[in-house]
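Quick note on full-length UniProt numbering: the sequence shown kicks off at 1 and runs consecutively.
Since the hints were made in silico from the structure, they are not lab data.
There could be a bad hint or two in this list.
What follows is a list of derived Cβ distance ranges for each label pair [unchecked claim]:
#, residue 1, residue 2, range
1, Arg228, Phe112, 22 to 32 Å
2, His313, Asn396, 30 to 40 Å
3, Lys377, Cys299, 35 to 45 Å
4, Glu211, Glu267, 15 to 25 Å
5, Glu193, Ala506, 42 to 52 Å
6, Arg402, Trp425, 28 to 38 Å
7, Cys299, Arg228, 17 to 27 Å
8, Leu261, Cys299, 39 to 49 Å
9, Met534, Arg402, 11 to 21 Å
10, Asn281, Trp425, 54 to 64 Å
11, Leu429, Asn457, 46 to 56 Å
12, Glu217, Glu514, 44 to 54 Å
13, Glu211, Gln310, 44 to 54 Å
14, Glu266, Pro190, 39 to 49 Å
A virtual CB, placed ideally from N, CA and C, is assigned to each residue, including glycine.
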Amino acid sequence: MIEEIRMMKKKIMEMGEVVVHKIAGTHSTGSLTTASSNSGGCIIEEIDSGIANLNCNSEDKQILNQKQQCFCSNIATTSKVLPPFLHLISCNSKENGCGGGGGVLFTAEAVFENVAMLRDELPFSPGDEVAVLDCPSDELWYGICGPRSGWFPAAYIRPKNRDLCRLFSSDCGSDSNCLINNSSTSCDFPSNEMRKLRKRIIQELVNTEREYVRLLEHLVMGFLEQCRRRRELFPEERILRIFGNLELIYSLHTNIFKELLNVLDEEKPESTCLANVFLKNSQQFGIYTDYCNNRTLSCTELAQLEQQSQYFHFFEACRLLRALPKLSLDAFLLTPVQRICRYPLQLLELLKATPPNHPDRLALELAQRTMKLIASKVNDGKRRVDAIQKIWLWQNSVHGFRGPNLIESNHRLLINGELQCRALWNGQLQWSKNGLIIYLFDQTIVLCKRDVLRRNNLIFKERMGMGGTTLYDLHDGKDPLTCTTLKNAFKLSGPAREYIFCCQDAATKSLWLEAIRNRPRPQPPSQAERRLAMLI
């Protein structure tokens with residue numbers, strides 16, 4: 001591999017000169033791209049980072065100016081250019097059958113910690129995986145780490161590929177003074193069956209995205225906009241409850257579909273490089289969390305409205321005007337939830353049909369992991385809102401509940417059960433009660449007792465915040481403070497009072513001790529999460 005790269009470097013060096021062209025822009029972060037020129041060289045386009053538009057102090061602006069000067073000085077001289085292997089990895093030319101839109105040059109491991117001082121810098125810690133997207137100079141590169149992208153020092157990372165590591169030590173010396181065209185990587189398939197399979201998957205992904213955008217257009221233009229025209233039936237609050245942020249999703253996927261069409265190689269779909277489309281838009285997929293969290297509220301609202309004839313006929317008329325299948329609006333609004341979960345599976349199928357030497361392979365691996373992580377975060381967000389809703393409903397069912405709402409600081413019920421409880425104040429026993437129902441949330445413990453007349457109802461007794469409490473595992477035997485016998489007991493000591501809890505058996509005690517010791521750190525529900533929980 002190394003010898004082939006060196007031979008290719010020698011050939012490309014003879015093709016032409018390096019032309020540097022600076023373009024003024026207004027982007028908040030810089031971006032450097034390369035493209036083939038007619039003379040066989042490479043045109044490097046530098047987009048100005050728009051320092052005047054940044055909301056930063058004069059010292060930060062001076063740092064940004066120094067970065068730009070560093071970029072220009074390193075690019076404008078042919079004596080200091082990129083190591084050739086960086087561009088051999090990223091095959092962007094359609095002329096060689098490799099498709100367009102290659103994004104990730106290679107993946108690397110962070111060796112040193114990079115602390116981001118400016119918003120266009122990429123923070124990472126030692127051991128983190130960094131996907132390198134652009135290498136405009138010897139000093140500063142551009143890449144992705146986790147959900148963020150930005151600039152970072154090139155010396156802070158180490159490529160994972162052994163051949164690339166050797167090239168870093170050999171070709172980055174005096175022999176690295178040439179800029180290689182991106183069009184030299186081949187993308188041979190080991191079998192014709194794999195080629196056909198990748199072609200089919202690419203076409204299926206683009207076609208399903210086309211149908212998805214078309215359905216979103218029907219929902220936004222055919223339903224949402226029609227609702228806005230009937231304010232007497234649909235005030236803005238009701239529209240928000242039904243559709244959530246559907247318009248943002250429609251706008252996002254309209255752009256994604258356009259980008260997919262731009263990178264699609266219609267003559268050779270199997271050569272298409274589309275992973276970078278998902279990587280570039282990865283941070284915007286977070287809007288799906290808000291949409292999925294709103295689904296319960298949307299279903300409840302639609303179920304109530306469709307029982308009224310005027311709303312039922314209104315939605316039916318909207319459906320007929322758009323010639324949509326005979327499904328309810330609720331069924332159509334479920335599609336985005338299904339779609340975000342489908343992307344990781346589609347990219348995984350595409351990854352299996354992509355040979356190791358394909359120019360989109362590295363980017364596709366990162367895109368599949370990224371979309372899987374996004375889908376997981378969306379699911380976690382939905383489960384979190386559901387848990388907060390359950391806390392709110394439980395609190396409203398407890399008779400005589402006192403104190404701040406639990407969802408102000410709690411987002412999860414950890415464990416609950418019937419325990420014997422003794423309350424102490426300054427070491428003195430205040431009261432002792434058998435058969436109390438104890439609920440442990442992530443930041444609060446609540447003590448309740450059963451209603452004598454209605455056994456299924458709970459009556460509030462006391463509560464205590466878990467912040468600043470200390471857990472004691474008590475041994476079986478006589479308690480010197482209360483002069484009572486303890487068995488399977490533990491104590492929670494707070495700033496104001498202490499509670500001694502006795503469990504039915506040792507196994508139950510172990511469950512409670514584990515739940516208390518592994519309590520999650522404070523993650524209070526956001527205002528939007530509380531709003532959704534309280535509207536149900």
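- Determine whether the Cβ-Cβ distance between Asn281 and Trp425 falls within the hinted range of 54 to 64 Å. holds (58 Å)
- Query: CB of Glu211 to CB of Glu267, is that within 15 to 25 Å?
  - Reply: At 23 Å between Cβs, range holds.
- Query: Using the C-beta atoms of Met534 and Arg402, is the stated range 11 to 21 Å upheld?
  - Reply: holds (18 Å)
- Task: Using the Cβ atoms, figure out if Arg402 sits within 28 to 38 Å of Trp425.
- Result: At roughly 18 Å between Cβ atoms, Trp425 and Arg402 fall outside 28 to 38 Å, so the hint is violated.
- Task: Hint says 44 to 54 Å; check whether the CB-CB distance for Glu217 and Glu514 agrees.
- Result: holds (51 Å)
- Range hint 46 to 56 Å (beta carbons of Leu429 and Asn457) holds or violated: Hint violated: Cβ distance 28 Å, outside 46 to 56 Å.
- Query: Honestly, do Glu211 and Gln310 meet the 44 to 54 Å range at C-beta?
  - Reply: Since Glu211 and Gln310 have Cβ atoms about 31 Å apart, the given range 44 to 54 Å is violated.
- Outcome for the supplied range 42 to 52 Å, where the beta carbon pair is Glu193 and Ala506: violated (60 Å)
- Would you say the C-beta atoms of His313 and Asn396 sit inside 30 to 40 Å of each other? holds (35 Å)
- Query: How does the Cβ-Cβ distance of Arg228 and Phe112 compare with 22 to 32 Å: does it lie in that range?
  - Reply: Given about 53 Å between the Cβ atoms, the range is violated.
- Given the range 35 to 45 Å, decide if the beta-carbon distance of Lys377 to Cys299 lies inside it. Since the Cβ atoms of Lys377 and Cys299 sit about 22 Å apart, the hinted range of 35 to 45 Å is violated.
- Item | Range agreement (Cβ of Pro190 with Cβ of Glu266, hint 39 to 49 Å) | violated (24 Å)
Hints 1, 3, 5, 6, 8, 11, 13 and 14 from the earlier list are contradicted by this structure; the remaining hints agree with it.
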